[in-house]
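Chains A, B and C, in that order, give the protein sequences. The numbering used here puts the first sequence at residues 3 to 77. The numbering used here puts the second sequence at residues 1159 to 1490. The numbering used here puts the third sequence at residues 785 to 1157.
It is possible that some hints are incorrect.
Stretch-level coverage of chain C by chain A, calculated; a stretch enters the list once three of its residues show a Cβ under 8 Å from a Cβ in chain A [to be verified]:
#	stretch
1	927–939
2	981–994
3	1044–1056
4	1065–1073
5	1114–1124
Don't read these hints as lab results, they were simulated from the structure. Keep in mind it's a predicted model, so treat the numbers as computed, not measured. We put the beta carbon where it would ideally sit given N, CA and C, even for glycine.
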Amino acid sequence: MCLAIPAQVTEIDAAGRGKIDYLGTKVKVDFSLLENVRPGDWVIVHAGFAITRLDEEEARETLNLLREIVEAQGE
Amino acid sequence: MAAGEKRISLELGSGGKLMRDFIARHIVPAFRNPFLDDLGDASHLPLGIAFTTDSYVVDPIFFPGGDIGTLAVNGTVNDLVVSGASPQYISLAVILEEGLPWPDLEKILKSIKRAASKADVLVACGDTKVVRRGQADKIYINTSGVGLTIAKPRTSLVRPGDRVILTGTLGEHSLAVMLAREEFGIEARVRSDCAPLNYLLPIWEMGALWMRDITRGGLATILSELAEKIPHALLIEEEKIPLSPAVQGASELLGIDPLYLACEGRAVIVAPRRKAAAILKKIRESPLGRRAAIIGQVDDRTGRPGELLLSTMTGGLRLLEPLTSELLPRIC
Amino acid sequence: MPGPMKELRDGSVTRALLGRIKGKTSRLDRPVRIMEVCGTHTMTIHRYGLKIQLEEAGVDMVSGPGCPVCITPNEVHEACLDLVTQRENFILASFGDMTRVPTRKGSLQTAVPARSSLIRIVYSPEEALALALAHPDKEVVFFGAGFETTIPAIAVTVRRAAREGVANFSTLTAMWLIPPALRAILLAGETVISGFLYPGHVSAIIGLEPYRFIAEEFGVAGAVAGFEPNDILLGISAVLDQITEGRPGVKLEYGRVVNPCGNPLARAVMEEMLEPRDAFWRGLGRIPRSGLALKEAYRAYDARAKHGLRVDEGSGDLPGCRCGEVLRGLISPPQCPLFGKRCGPDSPFGPCMVSFEGACFIHHKYNRRKRSG
Chain A
3 MCLAIPAQVT
13 EIDAAGRGKI
23 DYLGTKVKVD
33 FSLLENVRPG
43 DWVIVHAGFA
53 ITRLDEEEAR
63 ETLNLLREIV
73 EAQGE
Chain B
1159 MAAGEKRISL
1169 ELGSGGKLMR
1179 DFIARHIVPA
1189 FRNPFLDDLG
1199 DASHLPLGIA
1209 FTTDSYVVDP
1219 IFFPGGDIGT
1229 LAVNGTVNDL
1239 VVSGASPQYI
1249 SLAVILEEGL
1259 PWPDLEKILK
1269 SIKRAASKAD
1279 VLVACGDTKV
1289 VRRGQADKIY
1299 INTSGVGLTI
1309 AKPRTSLVRP
1319 GDRVILTGTL
1329 GEHSLAVMLA
1339 REEFGIEARV
1349 RSDCAPLNYL
1359 LPIWEMGALW
1369 MRDITRGGLA
1379 TILSELAEKI
1389 PHALLIEEEK
1399 IPLSPAVQGA
1409 SELLGIDPLY
1419 LACEGRAVIV
1429 APRRKAAAIL
1439 KKIRESPLGR
1449 RAAIIGQVDD
1459 RTGRPGELLL
1469 STMTGGLRLL
1479 EPLTSELLPR
1489 IC
Chain C
785 MPGPMKELRD
795 GSVTRALLGR
805 IKGKTSRLDR
815 PVRIMEVCGT
825 HTMTIHRYGL
835 KIQLEEAGVD
845 MVSGPGCPVC
855 ITPNEVHEAC
865 LDLVTQRENF
875 ILASFGDMTR
885 VPTRKGSLQT
895 AVPARSSLIR
905 IVYSPEEALA
915 LALAHPDKEV
925 VFFGAGFETT
935 IPAIAVTVRR
945 AAREGVANFS
955 TLTAMWLIPP
965 ALRAILLAGE
975 TVISGFLYPG
985 HVSAIIGLEP
995 YRFIAEEFGV
1005 AGAVAGFEPN
1015 DILLGISAVL
1025 DQITEGRPGV
1035 KLEYGRVVNP
1045 CGNPLARAVM
1055 EEMLEPRDAF
1065 WRGLGRIPRS
1075 GLALKEAYRA
1085 YDARAKHGLR
1095 VDEGSGDLPG
1105 CRCGEVLRGL
1115 ISPPQCPLFG
1125 KRCGPDSPFG
1135 PCMVSFEGAC
1145 FIHHKYNRRK
1155 RSG
């Protein structure tokens, strides 16, 4: 029920509509549920709408955490 | 409509289990003979030739990478190749809807000529019909093909340890047609992989045991059916399956599993363990086989006979079942 | 950055996390049963083979009611069917998996539309509105089913239709709220749940506060998790920590996507356009204020009002169907007597087998059957 993917904004118009790019595939997306969206921003897209932003700092922290866990388990 | 009267529904043509069951239970029994009972892609006749037929009703008729004409030739050619026959001649029957623009027909005929030339087959006979507007969807094509038998698939010789080879990336045809048909508001650089598989003919002599082109139902359905036929399990590895970024991206966006997407120019092959490396090398010599890879093997330890298992990229194990009905994009 | 973030699917990370989880469960004196609420979590768990790996690590995962196809009553599906099979010049637009639900009148997938009517599968409510604009001669009805992740999108689309005065567009809504359903499950007290894995994208809209009562009133642990396999394991690990320490809470393990306050703008649109209703959930029954519907001001865009649809949401379940118990986490799919026999993916009896995110469908399709011995 929560199928949504992280993607990068490529364009946005005054009406709050635009496109995102996901692995080279471009999709029309509505950005009405977010404020101050700019091309280059990372957002989460569900059912053709951007529902929230991707926090890059938090993402980095998660990835670092996962790497640490692997090291700690002696993998 | 009388209450309880059975009618044909669309899913019976979807290529999944429902369709196979329908054919096995309602169509084949009407003709019961040893050629049909096998339900192979082509039938080897006691004349040294193999014979096959297919109808093409794709919508839309033009899509990136091909059109209904390209499909009509390659689909039939490929059925012969994977059955162990060298394609020679095809028939071409077209049913045209009143109102179809001439330039569209010309374009399709040109595609057919080009495809036939590439696949080294001649259009030896044909037929043309025109029906009233609304009684066909632009154009339907049937092609029958005749080839010279050079080998016969032998699933009875398949042993644990034998390798499963995939000739290229999955799903491009399906996705190209789906995106061209639906208005999902998605643009992806996907072109149909529609192509002739003649380049695989030499591997029959090199010892290939079984081949199938990956059409409706996708890789998972095809291999699932194979697993049921041989008395062993099949184990394939997710990480080894080649996927283009476009297919990966679009299928994740739409919630579709690429393992169930049809191709029109890809095959899966079972090669004896000791011959697999040489066969793979041969396949890769062709530009169409550049991304060919060994994706798994016949296995008796991990699975039970008849099971198709996927070793996931996170080290888990998953059972792959055949497609039951039409693939729908998932949203929730 | 972020790029593909492959660590989230990396096998060595998975192994390490499972190792941690096993360490934690082995130190507990009672079995651990975690309910993943969201159908997409169920999907991921099975699709990567995690279900069995988690069992081996001491965690029993049980599926919850977060599958809109599963919990939307048959009567709503039947109303859609009636609309498109009996009325001409209608376009019924729906998300794909909603079309497979078998009702007493068949499914949308196998339905034969009335003359000049169509069924179209859409990926976004916006597409349905675009259909209305492209076909002014047709009446477009969008089957708007979903949870809090999808509800704002539907609301924005209706708002746009209203602002632009699109007269031939309306939506048949089936909008569901997660926290009331979880309360109902806990109140029923039918099954012992040690903790919840909360839905990551629903949480991106509603934030963490709506789950607080689960920790405070019921003392049940929970964590919000993302949807990659290693996200799920991080979430489960966090739930185990709460259980071990005896401190149930609402831990956020999906911070890159979820803001603890959720999405206020999305909630504002929902408040503007929608009002709560007591909704009937298949399998769970009537739950107070567990659904949403369009406000009076937007009745013109509410298909039930506009087209005079009577939807008596009772129980149109086919007799013998045990989906309700599956949705409440009481039985696992193989425990249903119909599973794999009378009910399978080719001939689903109930919604849990129909939906690609139904627990029964997923179990049947993906689950590596355990070998004996």
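Taking the hints in turn, this is what the structure says about them:
1. 927–939: As far as the stretch 927–939 of chain C goes, the hint holds, because 6 residues have Cβ atoms under 8 Å from chain A.
2. 981–994: With 6 residues close enough to chain A, the hint holds.
3. 1044–1056: holds (count 4)
4. 1065–1073: Since 0 is below three, the answer is violated.
5. 1114–1124: violated (count 0)
Hint check: violations occur at hints 4 and 5; the rest are consistent with the structure.
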